[in-house]
Amino acid sequence: MQVPAQFQYERATSVAHALSLLTKFGPESRIVAGGHSLIPMMKLRLAQPEALIDINGLSELARISVEDGTLYVGAMVRHADLLSSAVVGEHFPIFHDAERLIADPVVRNRGTVGGSLCQADPSEDLSAAFAAVRGEAVIEGTGGRRVVLVREFFTGPYQTVVGENEMLVQLRVPISSSASAYEKVERRAGDWAVAAVGAELRIEGTQLVSVGIGLTALGAPNFHAPEAEEYLLGGPAVDERFAEAGRIAARHCEPVADQRGPVDYKRHLAEVLTVRALRRARTRWHGNHPQEA
Amino acid sequence: MEITVTVNGQQHTRNVEPRLLLVHFLRDELGLTGTHWGCDTSNCGACVVWLDEAPVKSCTVLAVMADGRRVRTVEGLGDSTGLDPVQQGFTECHGLQCGFCTPGMMLTARWLLDHHPDPSEEDIREAISGQLCRCTGYENIVKSIQWAAEHDTAAAAVPEESTVDSAEVSA
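Protein chains in written order, with this note's numbering: chain B, 1 to 293; chain V, 294 to 464.
So here's chain V without its partners, still in its complex pose (with noise of 0.2 Å):
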C-alpha cells in the first residue's frame, strides 16, 4: 500500500508491504541507514527513532503505521550550523565506543532533554535503560548525556565551529 512518511521534515512517498516494519523501511527504502537494527526483538534498542513527538523502537512497528505521520531519525539530529549538544557530548564524552547503539541512544536522550533539561544520573539511567550498549560503555553514556544537558542551550545559542570535525574524529 501506498505510505508518506516525513522523516527529518521531508516526506517520502513509497509502495510497500503492510509487513514491512519501519526500521527496514527506513534503511531500505529511503537508504537512512543511521538507524540501527540490531537485536530484533525490542530489547536493544538500537532502532530507535521518534515516531511523532516520542522514541520508538522501529523494529517493532509497521512502517503502514507511520504513514502520514513524522519521523526523526539519527541524521535529523544536528543541522547545518553543526551537531545537536547531544552529538557533540557523545564526542566530548567518549559515549561513542563501537557506536552501533549511539543512534538511538541519542535519540532518547534528544527526548529526556527536551522533557527534562536537568535530568539526575538516574534519570538518564532510567532513560535509556531499553537500550544496549555491546561494549558497556554506560558509564560514558551517561556523562555524555549530562555534558549535552549542561551544554544544551548554549550550544543551541551559539553553535560551535569545530563540532563536525570533532565528530569525525572521534567516531
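Pulled out of the complex, with its shape left as it was, chain B reads as follows (with noise of 0.2 Å):
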C-alpha cells in the first residue's frame, strides 16, 4: 500500500489566503489542486512536502474565459473542461487534440491545467501546447502579480519560474486568426508522450505569416522550437518546407534515451510530428479559409 508520508493539510479560501499559507507553512509546502502528478509522487516518497495547501475550493481559478481577443484559462480549471470547452476548441484546436491524449478521461476529470504546467513534467503536453500559441502564465504572489511567457516559465525539469510564496492562477492566450494542431506519439492510451508536437500558424496568401512549434518529451529548452519557426516564417506554406521544418527541429532537440525509445527514435519523431501537426494546422487554417485556398 503506497500512502504518503505525514502531512500537514490546509484549505485556502482564497488566492490571498492561499498565498499567506505558503508563506506561513515555508518553502516546504506545496499547493495541491487536482493532485494527479503531486499524490503518486507522495506515494513514492519522490516528493514529501511539510504541507499541502488545497486550493479546491478557490471556484475563481476554475473558469475559462474569452475578453478583449484574449482567451484566460484559469490555472484550476481541470482537463476535462478544457476539453469540452467550445470557445477553446473554436480558437485553438490543439488544445483539445492535446487533451485527447492526456491520461484519460478519468484522470482529466480531476487533473488541472495550471497543475499540469507547475509540475514541469519534460513529458507534459500542454507545456508545449502553451508554448506553441505564445501563451502567457499570470503568476500571483505576496508582491503583487507578473506574466510571464510559457516560453520562459520552466527553467528546467520539474522546474518553473513560480517563486516559493507565488501560486500561478491563470493562462492566457493572445487570439488571432490562426489554426493550430497537436500530434503525439505514445505507447498505449493514456500514456506519457514518447515524442509530441504542437504547431500554430497563420497564412496570408500564401506566406506563413505567424508560426509557433511546441515539442514534448524532445529535450526541447522550453519546450519550443524557435530554429524551425524561424526558417518558415515569412516563406511559404508548403510541404517541403514543413519537412525542413521538421529535419530542424530534430536537429536542435535534445531527447534521452529511455524505456520508450532511443535518441535516433525521439529526433525520427521530432521530425515526423512536427511536418504532421504543420499540416494538419493547414488544413485547419485552409478549411477555416476556404477562399484563400
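Hints were generated in silico from the structure; no laboratory data involved. Predicted model only: the values in this text are computed from it and were never measured.
Here's a subset of chain V near chain B, in silico, CB distances under 7 Å, partners left out:
| no. | residue |
| --- | --- |
| 1 | Val357 |
| 2 | Ala420 |
| 3 | Ser422 |
Don't be surprised by glycine CBs; every beta carbon is placed ideally from N, CA and C.
Assembly of the complex is requested from the two constituent chains, each provided in isolation within its own frame, with the hints serving as guidance.
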C-alpha cells in the first residue's frame, strides 16, 4: 500500500489566503489542486511536502473565458473542462487535440491545467501546446502579480519560475486568426508522450506570417523549436518547407534515451510529428479560409 | 481532522489523517469494499468512484478532499427495486469475468450513459480507456455497456423482477 508521508493539510479560501499559507508554512509546503501529479509522487516519496494547501475551493480559478481578444484559462480548470470547452476548440483546436491524449477521461476529471504546467514534467503535453501558441502565465505572489511567457516559464525539468511564495493563477493566450494542431506518439492509451509536437500558424496569401512550434518529451529548451519557427516564418506554407522545418526541429532538440525509446527514434519522431502538426494546422487554416485556398 | 462525506446518500463523519486516501477511507473506515484498490498508481481504474458529479480514481484523492462532498460507489448503483441497467448489462453480456475491475467500469459506464445515452462503440472504449481489465475482457465489457444503453430507459421505468438473482448467479 502506497501512502504519502504525514503532512499538514490546510484548505485555502481565497488566493490571498493560499499565499499567506504558503508564507506561513515556507518552502516545504505545496499547493494541491487535482493532485494527479503530486499525490502519486508523494506516495512514492519522491515528494514529501510538510504542508499541503488545497485550493480546490477557489472556484474563481476554475473559469474559462474570452475577453478582449484573449483566451483566459484559470489555473484550476480541469483537463475535462478544457476539452469540453467549445470556445477553446474554436480558437485553439491544439488544446482539444492535446487533451484527448492526456491521461484518460477519469484522470482528466480531476487533473488541472495549472497543475500540469507547474509540475513541469518534460513529457507534459500542455507545456508544448501553450508554448506553441505563445501563451502567458499569470503568477500571483504576496508582492503582486506578474506575467511570464510560457516559453520562459520553465527553468528545467520539474522546475518553473514560480517562486516559493507565489502561485500560478491563470493562463492566457492572445487570440489572433490562426490554426493549430497537436500530434503525439504514445505507447498506449493515456501514456506519457514518447514524443509530441504542437503547431500553430497563420497564412496570408501563400506565406506563413505567424508560426509556433512546441515540442514535448524531446528535450527542447522551454518546450519549443525557435530555429524551425524562424526558418518557416515569411516563406510559403508548402510541404517541402515543412519537411525542412521538421529536420531542423529534430536537429535542435535533445531527447534522452529511456524506456520509451532511443535518441535516434525520438529525433525521427520530432521530425515526423513536426511535419504532421504543421500539415494538420494548415488543413484547418484552409478549412476556415476556403476563399484563400 | 474531522470530515463528513455523503456516500451513496448517507452522511459519514470520521476523524482521519490528512494522508488517508479516499479509496482506503471507503474500504477501511466505511467498510464499503465494493471499491477495489488495484494498482495504486492511477492507472488501473479499479478504484473509480464518483466525487460529486464525475468519476475519479480514489487512490489519487485524499479523503480530506471529499469533506463536505458526495461520493457514489458501486454500492450506490442499484437500489431496492433492482440493479442499475449497467449492472444488469454486465450480467447479461458476461462483462464481469473475475470482477476486479467491475465496480470502476460500471461507475464510469453509468456516468457515460448519463451524459451520452446513445454512445458509439468508440465512445465506450474511450470512456473506459483509463481502466484495465486484468482478464482482458474488454469485448464483453463494451457489449455490457451497449446492452445498458439499449435498456436504460426501459429498465429505469420497469424494474425487472429477476435482476438480483441473475446478478448473484453470474457473479
